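**Student:** Hey, can you work out the whole structure from these sequences and the hints?
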Amino acid sequence: MASSSRTQNKSAGKGSEWKKLFWGIFSGCLPDLAVVGIFSFATNVLMLIVPIYTLQLYDRVLSSYHAETLLMLTVLLVVGLLFMSLLDAVRARLIHLIATKFDIHLAEGILACQVELASQHLQRRNAQGLRDLASIKNCLAARDILNFFDMPWVVIHTAIIFMFSAQLGMMVLVGAVLMILLAVVNEWTTTRMLGDVSAESISVLEQAEAITRNSEAILAMGMLTPLLQRWGKLNAELRMKNDWVNGQATVIEAVSRFLRILFQTLTLTLGAWLVINDTITSGSMYVGSLLTSRALAPVEGAIRLWRNIKMSQIAYQRITALFDQNPPKPVPMPLPRPSGQLTVERLIYGPPGAAEPVVSGVTFQVAPGEALGVIGPSACGKSTLLKLILGIWRPNSGYVRLDGADVAEWHSDDLGAYVGYLPQEIDFIPGTVRENIARFKEATPDEIIKAARMAGVHDLILHLPHGYETQIGQGGYVLTGGQRQRLALARALFGHPALLVLDEPNSNLDGEGEAALLAAIARAKAERITTLMVAHRPSILGGVDRILIMRDGKVERIGPTSEIIKTHTPSSTTARPPAPALEAKRS
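Quick note: to get this note's numbering, add 17 to the position in the sequence shown (first position is 1).
Simulated from the structure, these hints should not be mistaken for laboratory data. What you are looking at is a predicted structure, and each value in this text was computed from that prediction instead of being measured. The C-beta atom is built at its ideal place from N, Cα and C for all residues, glycine as well. Among these hints, one or two may not hold up.
Stated by the list, open to error - Derived CB-CB ranges, DEER-like:
(1) GLY448 <-> PRO369: 32 to 38 angstroms
(2) ASP213 <-> HIS483: 45 to 51 angstroms
(3) PRO48 <-> ASN525: 27 to 33 angstroms
(4) SER44 <-> PRO369: 32 to 38 angstroms
(5) ARG568 <-> GLU223: 32 to 38 angstroms
(6) THR229 <-> MET168: 44 to 50 angstroms
**Tutor:** Dropping the structure here:
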């Protein structure tokens, strides 16, 4: 699965590459579409059985009173209708399978792109891209899409009617032109509003998700009512626009249905007048009415589907914009497992639009198996530095090298196999404890238990309701903050990483958990795992070899732990206001 995502992400990097991929899939579906076209042709030919049957019934059977002819015609009608229904069902199934191919080939690439952009704060943390893909898929799979394959038969049916009577043909032609003009009016009046509704729907949904995510703080501080009122106002505005669009679509659909039935009836009325004047036969009159319905039905179906088509077009544009933000990266040759030699060279990083860099000119080295603590006041760039070291963010200039290789050029799947990361904000993917520790990779029980023991959480896991098979994440067993942090440490230590990065790993730990963390750091050092740790409590710094102090995005000082702690105690920090605070909570 990971390799598939990697391939898709490479193929669908820029908007232009995305378009090539999309239309490449479409080109691959051309044989299937050709089959749908052939089946549509056969279905429409077989639909002529009903008009032919009606013509023969009125012009031959009723005038000759031949019961045998009636029986034979009826048998042929039933057989023809059976084949027509079978072919119609097959072409509808083929359309669904074609739509499914887009989901198969694009879903993983879109999700991978969203994950990368969300990690860089260039994209909202939601699955809107997948919802957009679902919108396109549902439109392609809709049965009404077959009306576009039937559209050429508007001309064919109208031509057949002209063969019976020019007056009836003109009647149908006027009806078709009026319905096409109605479709144009529908496009002209609803396109802009549909775009607004689509964008505001996403915004309203994100507001609701944000309220749900922050439920504890909202309830604790009495914020629910004002937030509900604010959200209700936004939702009401969206509902008004959506009601207008739906109302417009309902009116257009009703008018198109009215026109189809009206012209079918008028054709029958005109046909009756022509029969009275001995211009056509009664069979031709009924056939003209039936063919009028068949000629106008594809236009009506296309009008009915028009809103879905426009929404799919908007979704396509959003997905294109999504890939525009994520240019393709060449997939480098996989490198051997690193020893853990970390080198940071003149690192500079500032987010887009920032007046000053968050990290400026940072340079240091960490030897394999060495543990380095990073401290400093809030917003000095500590967490940003860690994300640059992990290759999550790309620096504006400078390098982070692991065994000499630039981590920004490594593919995340390759680099991630050698890295353990415990972030500040910990969340688990819905699944078992076993799956989360193993990073959802295939792993033996011994490998999983080894990581748990190394993090000191094996006994804790055994006391969970179902041990390693306990479901966690959204909808699963509710873990305390300390339990989450300790399980995340086990996940970080899984696979014996060469580089272990811990961002405030003791922020939610009690004394027992902190002791387990110190023991885990000691085990990591014993196994020559290079460790970087941002800390805000000095009690944990005894487990590191050196400490780096950051201030205003720069390295203020780096040295042995005993020396740094001695000169930067809480009291000395108070005496010297500019000094970095050990209790800083996050960068």
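**Student:** Going through the numbered hints above, which ones does this structure break? Give me the numbers in ascending order.
**Tutor:** Checked against the structure, the only hint that fails is number 3, while the rest are satisfied.
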